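> With chain A held as given, fit chain B onto it using these hints.
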Amino acid sequence: MQQAPIKKKKKVRVPKVVNGVETMVEIEVDEDAGPGWGPNDKHTLLNHRLTRVDGPLKVSGVARYTHDVRLPGMLYGRILRCPHAHARLTKFDSAAASRIPGVQAIIQTPLKEFLFHGMPVAAVAATTPEIAGDALHAIKVEYEVLPHVVKAAESIKPGSPKALPDEVNVEEKEKRGDAQKTDAAFAECDAVVEAEYQTPRIHHACLETHGLTVDYRGGETAMVYASTQGTFTIPGDAAKNLELPESAVTSVVEHMGGGFGSKFGIGVEGMLACKLSKQTKTPVKLMLTRYDEFVMAGNRSGSWQKFKAGVKKDGTLIALRATQYRLGGLGDGSQAGQPYVYRVRDTYREVFALHTNEDSSIAMRAPGHPQASFAMESLMDELAYKIGMDPIAFRKLNLKDEVYHRQLDRGARAIGWERRKPNAEGAGPLKRGLGCAVGTWGGGGNNQCKVEVTVARDGAVVVAVGTQDLGTGTRTYTRAIVAEELGLQLKDVVEKIGNSKLGSANPSGGSTTAASLSPSVKDAAIKARLAIAEKIAPLLGGVKPEEIKFENGRATAGEKSMTWQQVSAALPASGIAAHGEWRSDLQSRGVHGVCFAEVEVDVETGHIRPIKMVQVQDGGLPLNRLTMESQINGGMIQSLGMALWEGRVMDAKLGIQLNPGFGDYKLPGSLEMPEMVPIIDDDDKREAVIGIAEACIIPALGALANAVFNACGLRVRELPITPDKILMGVMNGRNLA
Amino acid sequence: MKAFEWINASSVSEAVQLLKSSPAPSDIDDAARPIAGGQDLLTTMKDYSSRPARVVNLKSIRGLNLIQGNARQGLTIGALVTLSQLEENPVVRASFPGLAEAAHSIATPQIRNLGTVGGNLCQRPRCWYFRLEDVVCLKKGGSECYAATGENKYNAILGGGPSYIVHPSDLAPMLVALGAGVSVVGVEGKRMIPLEKFFTLPSEGSIRRENVLKNDDIITQINVPASPFAAHSTYLKFKERESMDFALASVAAAVQLGASRKVTQARIVLGGVAPIPWRATEAEKFLAGKTLSGEVLKETAKLALVGAQPLEKNAYKVPLTATLVRRALAKAGGVAA
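Going line by line, the protein sequences match chains A and B.
Position 115, counted from 1, in the first sequence is what this note's numbering calls 643; the numbers after and before it change by one each time, with no gaps.
Position 274, counted from 1, in the second sequence is what this note's numbering calls 277; the numbers after and before it change by one each time, with no gaps.
The set of hints was computed from the structure by calculation and includes no laboratory data.
Model, not experiment: these values are computed from the prediction.
Check the hints yourself; a few may be wrong.
Stated by the list, open to error - Derived Cβ-Cβ restraints for the label pairs, each shown as a range:
#1 B:ALA74 <-> A:LEU735: 44 to 52 Å
#2 B:GLU302 <-> A:LYS586: 50 to 58 Å
#3 A:ARG704 <-> B:GLY164: 45 to 53 Å
#4 B:TYR51 <-> A:ASP929: 51 to 59 Å
#5 A:LYS949 <-> B:TYR51: 52 to 60 Å
#6 A:LYS586 <-> B:ILE31: 44 to 52 Å
C-beta: ideal position from N, C-alpha, C; glycine also.
Chain B extracted, bound-state conformation:
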């Protein structure tokens, strides 16, 4: 990796200033970077896809590693909370079970001990063309998304183009399903962003980034509101290799059941299939007022994948995701798949 300057920030505002005052980069990926767990950043620095001259350590800032709140008030999760803190937290496990499951599904215990919630949301794509130093793809300032016509087994079936990455985060689909937002601090102060508006499609945001953050923005907190469906949430992730893998496809689901176990409202967000956590709004609407029968689940799964446009080598993701939608909803709703 390129040699860099390391600075321990003592406060969020100092961190923001340190990021801003770093020399202006010639390329976006030469810009100063904040580091927390470093589990993704260091890998991108090792393959030179990010080349910061300055790395600003956030772990030296106090108070950002707490999980507060409960089922009635909702949760506030500090950006420096580790993934293992999240998966082990008793309140999260009891009242936001899908979030604990999503955290548990990530990588390995060693990585979860270091990786943070904020960092998980800001991960760069796993697309192998993006990760290889010798390839300058569209997302690295090149002119071509090699995955579009190349080895695209792991790429997007929804929302793709001109880049076909999938968003790698497991927390993101679950947090979107739970209606979460992030507190972001930048040079102009603090702002709240609903997570659904945080991630950007390649066709709408910067092709070089996956979210709305500017170089000198820092996520400080994740806010998960209290909701009638959080307690019936689940995260189902399908990995090619159970021991450690990113999702081939995943589903974050949450349901609120009313009288005679009819669905009052539902949230369905797909992971591993689109450049952003993919909310299946049509499927959610369809479910409202229905009983979770086998037929209903099938129809919901079909609707969740409306508009899917598989590439040459990832058509399998359609039936796979459909299965996961059915199974996740059945689990969240306490019925047989």
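Chain A extracted, bound-state conformation:
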């Protein structure tokens, strides 16, 4: 099996993700890199249903999250936030606050002008979080209140207050296609739909809020415990604020409670925690409160998309004109370009960032895609209805990628598409309907992970790399890859992750972790296997090392066989260590995905009950089928929340968020869950690892909105689809803008 040492290099283009934003870069990799994964159906551990190795720790409360870190003498940090949407600081007096017993430090942010409600103004460190809270209230702050704008519909108007001092509210980002040709093409169309779709800003709603504990006591080094998606995004920034060399700072991320794109770098809270710790020479823990988390920890950008689309009677998409506004608050927001995955003969799109006085949007699970997919998939449905064509047939006609065709067929069978009635009908208030939609994502890896596999003489196997497990199952597959390569079981391998003193790893953004990490783990495991084989080959009759098979806890060559204990006992006193590097041939990129939804709408109360959701997802080699199904379910659930309940509500006059808590920001709970059917598309035969975490949040929005229309004939074009919108639709007679 083992081939000669590798020399030849080739150049490949791979995605590189920084803070969830993906760009392509060219890198050099080995042309003939060594053994691959082998066929997807020939694995002993991978592509099986593996119970996650950190499960027992998590359900028993043993797992230590950043929120659980408690150090002796530690102080608690809290952040003072600006109470206005736009204001200039005129007075800051912390004298009274600093006299409160237990208050150890008060620091200001360097800003004087605050551009959104909740923007950090200062921070306090005190011996208890309650004292810190009291101190915040005792700081006397005065502001000159300035004009603000928080609603997109206001921001777009000429003469509206400027959200950003140095930028216009409507910022042009892209113009693409031939506007004149597209406009002319509508004349050829048999049916034209003009529609506007909107999605609100959404919150990541991680169960663990942003935050960290900075352990600095005035010495030459510091430890930073952080809830982060990037172990290695912490030490640099922390070092700057602590005025230490980067190498003197170690970050620790043992377990973390969700990120969804929101946790890269130390953030403002990290900067403040470091400064507080630096000033007090005492460990400082600063976790955002849930309120903080809503108002200042980022969000998914909203969207406002205006379409004019034309189609032939036979279903061929001819023309699409799209105006896309990205509602990213102070930030630019994100939105995939239209017509998304569809083939349209003539297209023209113009894309703008539309600014408001709100916390900047940041990356969130599949940045820009759910917004684009919801609007496009709703539009596709409207067009299909207009020409009286089955929505699946219509999609197939306009999707050139065959993978979608097979996935649509598979999903249709699983949901029972044949039960679908073309239009709402039947007596009684309860109406059922079916809908579908598609999505796409990259999910490729990049060359950042360095992995160490060590085998000791007592048989202990350790795989070490500094990466982080966001709950995506990194620990489990890291173990599984090594165990499978050495013919062992999961329990025989220990993974060490979440520490910046271990081998470097990429931040978990853009679904790049699996495809970046697992090739390096595999490479290290193969090298460890060969190093071991070299040592034991003489004991197995002098066979070539690469001919030794490692299976079922034994090393075997021909008739001869050794147990794992015998194998490890034959190693040198120091054991063996193997170093793994990324191999582009062990990963790939580009996934599809379709979602089907069935809902029941009560047209007399507006209640929408999701009945069933099916999602078909490809992803090359599934590292762990159980985790992949969980990812698909999680994507459907998060999408279901966006479709039917979630959305940031702003008050225009006050410029503040009205629902910054889990009472009024309504995440779905257990009683909202439909039957969920995650389907792994095993017709994808790529023997390569691809990240799918983001792919599976994309298509469900469109599927649910289309199911609602199929059920009751109401086209709700603005998410979330709440009972009031259904009832107003019924009152006012159908289609809702």
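Just chain B now, kept in the frame of chain A:
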């Protein structure tokens, strides 16, 4: 939250004295507060909308956590009875089913295990303008009800002005429908207040409060009289999110059916649509002597909403509540909606 003094009261009279003897507050929301389950009080303390320097624990008082009585005698419910006690009580379930349903509809099992009946009736409004620390609305001593022209999807369609809160309690509409009263102990002794007179509209009572209680008053008991309609009571609550939510609208209904299943008397009280549990008297009168047909139910629902004045974003509550009135009455009367 502001630092506070915690005192365990050993008797009702001691609790009242402790509340009274607390230093006079500069603002009504700085006054000492009694605490039972704390499920609402603590949230208001965390957002500084109430800032007591003293918190008087009532849970240390014995004997206030009992449900006594039966269908013939009526019920007495101690103010410290938890919501889960109420929803699980066999007498309540059998003879006052609407009350058990109302209790069950509240929040989550964890909250129902701690939240008390007395506390449920004394909850502060859920209006988001009221709940946000950075907003000083009319009910917090400010000059403006921001909900009147702002994001008012969840606000009142009936009885609003100058504040447009809706009363958040689920027990309140049902208890009003059942003709219940509360025993209140204050510095001047004990008094009985019919629940219908307990809650106050913003236009009639203090804009800073939702009921007639003074700062040093404590509810000790809820009295639910025996009635010919209690056994045919129901509570229908519509939540935007079933897992845990307050009512977008709810209906407490009870009917007494006479010969040939004609309605002898009916009670209809709306929740989630007005600053108080909103009794639909006209609709009740209309129903008397009628059979619960589809047409009658429709007309009743229409009458229940007479005078509704939706704000910009809550007109949907009119058809929603109408549906709930029809369905609740049909359920209480055992007919198809």
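> A separate judgement is required for each hint: does it hold in the structure or not?
Here is how each hint holds up against the structure:
no.	hint	verdict
1	B:ALA74 <-> A:LEU735: 44 to 52 Å	46 Å, holds
2	B:GLU302 <-> A:LYS586: 50 to 58 Å	57 Å, holds
3	A:ARG704 <-> B:GLY164: 45 to 53 Å	52 Å, holds
4	B:TYR51 <-> A:ASP929: 51 to 59 Å	55 Å, holds
5	A:LYS949 <-> B:TYR51: 52 to 60 Å	54 Å, holds
6	A:LYS586 <-> B:ILE31: 44 to 52 Å	46 Å, holds
Against the hints set out earlier in the document, no violation occurs for any number.
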